[in-house]
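**Q** Chains A and B supply the protein sequences, listed in that same order.
Numbering follows my numbering, in which position 33 of the first sequence is assigned residue number 33; successive positions increment by one, without gaps.
Numbering follows my numbering, in which position 11 of the second sequence is assigned residue number 11; successive positions increment by one, without gaps.
It is worth saying that the hints were derived from the structure and are not from the lab.
In this text the structure is predicted, and so the values were computed from the model without any measurement.
Any given hint could be a false lead.
If chains are identical, the list can't say which one is meant, so a pair holds when it fits in one copy or spans any two.
[Said to hold, decoys possible] Computed cross-link-like contacts, DSS-like style, restricted to lysine-lysine with a CA-CA straight-line distance of at most 27 Å: (1) 93 / 181; (2) 49 / 181; (3) 111 / 49; (4) 111 / 181; (5) 93 / 49.
Protein chains: 2
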Amino acid sequence: MSHYYESAGVESPGTGRLIDFPSRVTIIDEGEPANAIYQIVSGNVMISKLLPDGRRQIFEVLGPGHMFGVTPNGHYDCIAEALTDVRVTAFEKGQVDRSSAFNAQLADVLKIQICALHEHAVLLGRKSAVERVASYILELIEGTSPNEGWVSVRVLMTRSEIADYLGLTLETVSRAFSHLKRDSIIAYERYDGLIRVNIPRLRPLTSTY
Amino acid sequence: MSHYYESAGVESPGTGRLIDFPSRVTIIDEGEPANAIYQIVSGNVMISKLLPDGRRQIFEVLGPGHMFGVTPNGHYDCIAEALTDVRVTAFEKGQVDRSSAFNAQLADVLKIQICALHEHAVLLGRKSAVERVASYILELIEGTSPNEGWVSVRVLMTRSEIADYLGLTLETVSRAFSHLKRDSIIAYERYDGLIRVNIPRLRPLTSTY
DNA sequence: CGAAGAATTGAGGTTAATCAACGAGGGTGG
DNA sequence: CCACCCTCGTTGATTAACCTCAATTCTTCG
């Protein structure tokens, strides 16, 4: 069962309801009846699944504009958890089903998500540990302004979460970070998760075009 | 460049054009301008991506009703290849964009695909070789009538293709099949890819609910 | 029948997982 | 304020799983 922390029930423009969640809180649980579709206003949300024995796989980390809680049947097929403090718009099932504007926007974000899931499947199925971590760091930077030279970026996920995202163990992730640091491809800053990244040297390690 | 084998350009009911492809032919290539969206009428299509050094990851094997060639930008993000002889309906870009009936159907299949991609990410990131192969065989049976007892199923993909689908090598896939055969969980029939499967004994090996 | 491709099996090497110890913050309560 | 605990991260030693290389068999098709 997930525990819901609601902000004041402010009505958003498009029939949606604004809800706030603090960091690390479960927003939706796998198997719950799918009563709403959520769109992120601010913050980041991790989407994952658990195996019966506790193994976890995180598929994607979504940011503002993205949607989750979409399912082909009546139940959520995965877990959504707040990585940061998050503000979402919740659209009640049935209220938006017939809105073609909503469905058009939904289709757009689903296309982007499928594309990202494809890329992530290549990572999980075919990349080495260092390639995975390099790809992860580069992914953090995507969208950040300058894509050349040294760039600073904040790593919000723990080693354990990164491991569950990359299909590795936390030790292997830690070793890969150490490896990149030793080779001066990344450098740690005053330890609040901030790192500096040498993009031209990192990019070739990802084995991506 | 993919080479297109077209059937007689029969017009399908909904402004789509019917096209036939023989087995193993490339239907769309990554990077090509996305001029059409395809819906499978009959047969199966493998969706994959290649890394620069030739490593391949197959994400999904699609059947009738499913769509491919959907992309958030103007270019295909992955390869589509005929696993069997395939008949598809090709919908030209621009002709269907404003059809809400088409978009509704598109959204429906995208939701199913995302769900499948989630499940596959768990397999790639968190399952052992035998668990992956067991999951693969069970997936072949999904939709086949009786889900209990012994069931016959045809394995259409080569060991190499299965390996690229499961993120393994073909030898590891072969060993996993041999392992399942030795334990009488599957049995080979007169070798045209047909195997018999003991579902009650196979299912626990997949580590899925 | 012969050739080419597919599958199987074995031996040995490599990568990442596992098991384990230790250190660095951050919060809590005495 | 300090001692304690707990989580997180790092690093080392060992193990296990899977990959690589190689040889052989099986299957299909001309």
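**Q** At most 27 Å between CA atoms: does that hold for residue 93 and residue 49 within a copy, between copies, both, or neither?
**A** Result: close within a single copy only, 22 Å intra versus 35 Å inter.
**Q** Have a look at residue 111 and residue 49 and pick one of within, between, both or neither, based on CA distance no larger than 27 Å.
**A** Classified as both; 21 Å inside a copy, 16 Å across copies.
**Q** Since the copies are identical, ignore which copy is meant and state whether residue 93 and residue 181 lie within 27 Å (CA to CA) inside a copy, between copies, both or neither.
**A** neither (47 Å within a copy, 46 Å between copies)
**Q** Could you figure out if residue 111 and residue 181 sit no more than 27 Å apart (CA to CA) within one copy, between two copies, both or neither?
**A** neither (35 Å within a copy, 40 Å between copies)
**Q** Classify it for me, residue 49 with residue 181: is the Cα-Cα distance of at most 27 Å met within a copy, between copies, both or neither?
**A** neither (31 Å within a copy, 30 Å between copies)
Of the numbered hints stated above, those contradicted by the structure are hints 1, 2 and 4, listed in ascending order.
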